[in-house]
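*Asks:* Protein chains in written order, with this note's numbering: chain B, 3 to 314; chain Y, 3 to 314.
Worth flagging that the hints you see were computed from the coordinates, not collected in a lab.
Keep in mind that the hints are not guaranteed to be accurate.
One copy or two, either will do: identical chains are not told apart, so a pair holds if it fits within one copy or between any two.
[What the hints assert, rightly or not] Capping the alpha-carbon separation at 20 Å, the derived lysine to any residue pairs in SDA-like fashion look like this: (1) K197 - V233; (2) K220 - S160; (3) K47 - P64; (4) K279 - D222; (5) K189 - P200; (6) K220 - H307; (7) K292 - G202.
Bear in mind that the values here come from a model prediction, so they are computed numbers and not experimental data.
In case you want the letters, here they are:
Protein chains: 2
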Amino acid sequence: MAGSDSIRVFAPATVANVTCGFDVLGFAVNNPGDEIVLRKTNTDKIVIKAIHGDGGRLTLDPNFNTVSIPVIKYLEKYGIKQGLEIELFKHMPLGSGLGSSAASSVAGVFAVDKLLGLNKTVEEMLPFAMEGELIACGAAHADNVAPCLYGGFVLVRSYNPLEIVRINTPKGMYCSLVHPHVEVQTKDARNALPKEIPLGTAVTQWGNVAGLVVGLMKSDFGLIGRSMQDVVAEPARAGLIPGFYSVKESALHAGAIGAGISGSGPSIFALSDSLDKANKIAEAMAAAFKKIGIGSETYVSEVNHQGPVVMG
Amino acid sequence: MAGSDSIRVFAPATVANVTCGFDVLGFAVNNPGDEIVLRKTNTDKIVIKAIHGDGGRLTLDPNFNTVSIPVIKYLEKYGIKQGLEIELFKHMPLGSGLGSSAASSVAGVFAVDKLLGLNKTVEEMLPFAMEGELIACGAAHADNVAPCLYGGFVLVRSYNPLEIVRINTPKGMYCSLVHPHVEVQTKDARNALPKEIPLGTAVTQWGNVAGLVVGLMKSDFGLIGRSMQDVVAEPARAGLIPGFYSVKESALHAGAIGAGISGSGPSIFALSDSLDKANKIAEAMAAAFKKIGIGSETYVSEVNHQGPVVMG
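Only chain B is shown next, with the shape it has when bound in the complex (with noise of 0.2 Å):
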């Protein structure tokens, strides 16, 4: 075992947008992430080696790519000068709402951090892990960043100041997605959003934001159910996503508690009380978008607590 010379990091996939919470509210789950291989080198560079997964998609320029970025960053913060050679493990696809370059981001700092022993809080590391979301939106957005370091839900509460909140998660709660073989432009997706919208409309949407939370916070799943209405984004986005209310409904009828748009999608989560519904809803949500000729894959897995670890 290499011990100190290399690590072995996985950082999870993220679900951002939470239903009502759009634009405030995340979670991070077990399956799918990614993982990272960070060994040191004689040498003063930091080396992307190799990445697999993307196709071919992803740049090997350290200086633009999402997962170097946190690293580079995070050596100059603390005036480190240690040669590294990154190799990455996309095991989720691309631009596909579930908070994939967030997991590459973290995943770098996350294992800088831990390979020299420098152990800072997931507070120091966040800002090293949004520099990456930064070159990969144009953004330093935290909605799939902070949930995939923090693990667990998470609430984006200000971003001026940043302030991450993190929201007690239950235990026993699973995850289903499906990424259907379709694209959505996350700027169509932006662009698809109302400018303005009725106060009574906004009302209801943090009314079941509060329900949401609370429900959280008590394990009531109930409560999590009822609450999870998205007024605002969903009824805007749905038509940019193929099939969406046929989709959700399938997992509502196969029992899920709730689903909606995994960040700004393609991709559908939906939250269920136990592993054996959980593969049932991915099944039907799957089937659901197969009906109209739609292909996909799906992911089943606990809601993530912990956020990046360090693997064996």
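The hints should help you fit chain Y onto chain B, whose structure is shown.
*Replies:* Leaving out everything else, chain Y in the frame of chain B:
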């Protein structure tokens, strides 16, 4: 002691529209509140014998008073023929944004329930109290009635169907109230609100609502304070209360965690973490109003945890 022939009940004042929780969040206080005395009679009539402290403004006609309507509806619903005489002690100003009519409605239904020994749940009593609000306001609002009846902080998650959610309320949280001698018509307060709001403003509001709820459930007073920002109703309504911003500022300067308009005003509330601070905050708010020539009363108490109570 009259025992089963009469009962005396206290029902608390309430703060609705708790900053960012506009239209969905409210809480009860231990002071002020209404008191009712309900006595059995040998007739089959419901009579309001007297109302004290209202300056003669409230009707004694039991079919049109917010205290008696819930009593009448309760007896009807459970098929009980029992003459009752009501005496109401208003210990708070009317139309002040402190939930005066809600306190009377809740006092009425709670008193008849306990006097007759039916001991219904708060969920069962709520609709009767809302009937009282219907008479008083022309709409069956729950935002004062629910916290008054349940105690503590309460979320009105949804009206259709009605769902009230209890929010764990920190111990040792105090409320200072100031009621300035100016009038704000509920209609004007309603008309001051924007019909539509920018999506970004709505997201800011629901991020804060979620933060406030998490703060309450974790007894995290810092988070509560940072989340108590209303970017929707307060900017629209502040102009209806002369000196609002200087009064709010004086509360924060005196140590308040946060402050805002109570209900639709003109009363202003401030939360704090000690009785000593709460008293200083009340004095500071009254002084700020006095500085611009406006008289006021103040009330200081711990946040109420139990709702209405039978008095010894």
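*Asks:* Confirm or reject each hint.
*Replies:* Status of each hint after checking the structure:
no., hint, verdict
1, K197 - V233, "both (14 Å within a copy, 16 Å between copies)"
2, K220 - S160, "between (23 Å within a copy, 18 Å between copies)"
3, K47 - P64, "within (10 Å within a copy, 85 Å between copies)"
4, K279 - D222, "within (17 Å within a copy, 35 Å between copies)"
5, K189 - P200, "between (23 Å within a copy, 19 Å between copies)"
6, K220 - H307, "both (16 Å within a copy, 18 Å between copies)"
7, K292 - G202, "neither (37 Å within a copy, 36 Å between copies)"
Comparing the model with each earlier hint shows a violation of hint 7 alone; every other hint is respected.
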